[in-house]
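Asker: Now for the letters of each chain:
2 protein chains.
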Amino acid sequence: MELFYSGNTDGKTVVLEDDEAMHCVKVLRHRAGDMIHVIDGKGTLYSCRLASCSPKTAEAEIVETIQNWNSRPYTLEMAVCPTKNMDRYEWFAEKACETGTDTIVPVIGDHSERKTVKTDRLRKILLSAAKQSLKAEIPEVKEPLTVREYVGNMKDSGSLKLMAYCFEDEDTPRISIEEALRGMPASCRSVSVLIGPEGDFSREEAETAVRNGFIPVHLGQSRLRTETAALAAVFAVYFHFGSLADNLDSGVKAYLDD
Amino acid sequence: MELFYSGNTDGKTVVLEDDEAMHCVKVLRHRAGDMIHVIDGKGTLYSCRLASCSPKTAEAEIVETIQNWNSRPYTLEMAVCPTKNMDRYEWFAEKACETGTDTIVPVIGDHSERKTVKTDRLRKILLSAAKQSLKAEIPEVKEPLTVREYVGNMKDSGSLKLMAYCFEDEDTPRISIEEALRGMPASCRSVSVLIGPEGDFSREEAETAVRNGFIPVHLGQSRLRTETAALAAVFAVYFHFGSLADNLDSGVKAYLDD
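In the order they appear, the protein sequences are chains C and V.
Taking the numbering used here, the leading residue of the first sequence gets 1, the next gets one more, and so forth.
Taking the numbering used here, the leading residue of the second sequence gets 1, the next gets one more, and so forth.
In short, the hints are calculated from the structure, not lab data.
The beta carbon of each residue, even a glycine, is placed where N, CA and C say it ideally should be.
Check the hints yourself; a few may be wrong.
To be verified - Here chain V is said to cover these stretches of chain C; the calculated rule only asks that three of the stretch's residues, wherever they fall, bring their Cβ under 8 Å from a Cβ of chain V:
1. 89-102
2. 141-151
3. 235-243
Assemble the whole structure, with the sequences as input and the hints as a guide.
Answerer: Below, the structure is given as structure tokens:
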């Protein structure tokens, strides 16, 4: 199944532009009358019939609209400090999209060596990953902000807020990410995870985060690189909600009390 | 903490060779008398004092030997079909090592486009990943064999044998990988996971695997690339045994009945 992306629709027709039109018309040689599938990047899939084609633009009539196509039963925001080598961050973004992530926030920590992120490039990678992994939702990439700004903004968020850090001698004991997930109220289906830079968070950042409701967690016994730690968190959340579904299937419905 | 690797020791001294000696002496400028840490790639860490140095070889006296350094409470073998793009397989190998994997077996399926794997290059990547993630054990890379040969060889293995595949209309219903892990006997601490190629296993391969004791599993609702699916399995096993440890910490010791 081949997916195209369009952010340009009036509910009756969708318009493919630029690379998407080029790929549809020039590369795959679709012609007027062909059926194609288009995502809007926000969770909706359109089945459409191509009406007019040029390598620069293609218009298609919507035949069927499926909202929340291939959606997940949770939302996940990953606030991750950029790695020194951006390839590693881009790799994380691709895998996070495949597995299931709604928002990626590049955050800059006190100990971050890299202070900038090319968000446009990340968005292109995520568009491609979403189409490849058959998702109608493309993770949103926020513009970079500091760890302090991020945790400040999150103060009143209703999501489960987790922060993975590595301090050996911390005052606040950390629990495992799975324990934190198991402890979340059944009515909460929204998780935010903050992952620090290679040099970890500063004490002040960690304290500010805890004051703003972040729970310090660890990701098990292995020493993971920043991007691997971030993906570990994505998988922990993915498997957590997968297990909830298993339990529901097995009749353990009491787990969800709402 | 900087780790060096040596496969050359008599229990009293270790000898660093080639790249390892070069890195120790030329790059990091260690001199006789300096303390260094050396792994044997099989789980042992040596604290050593450098006795003699040249850029081609360096000899060090063992001061302390720590067996099973940073070891895991389980063993994991990942038999994974090579991806078309080897970068993706190498990426998987690096992350599998970081997270915790004992053996990587490149297996060739009926639908594999790529039939060969440069195992030497994989071994170099794993050596580097093991040192970077502070592991004394370097995952072993087996020489490639076919899926049929592999499942035949595994017939009498005592490990939990899982096979992830994607058939939509399968006869054998699949369970989630976590459900399969939760169902394993508490005395079993060894898991083998078989991951197919981009084109999935053939029916015959899947049937042969099931006849040889492999349990068909799925990895949740997302459509994952081969290398992402393989890493998802590594994380599922990692978190499963991490959760067992959590439960032990919380006093739920009855979980382990042996």
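Asker: Against this structure, judge whether each hint is valid.
Answerer: Results of checking the hints against the structure:
Given a C-beta distance limit of less than 8 Å, the hint that chain V covers the region 89-102 of chain C holds, as 5 residues qualify and 3 suffice. Coverage of the region 141-151 of chain C by chain V is violated. Counting CB-CB distances below 8 Å, 0 residues qualify, and the rule asks for three or more. Coverage of a stretch by a chain is defined here by at least three residues with a beta carbon nearer than 8 Å to that chain's beta carbons; for the region 235-243 of chain C and chain V the count is 6, and the condition holds.
Checked against the numbered hints above, the structure violates only hint 2.
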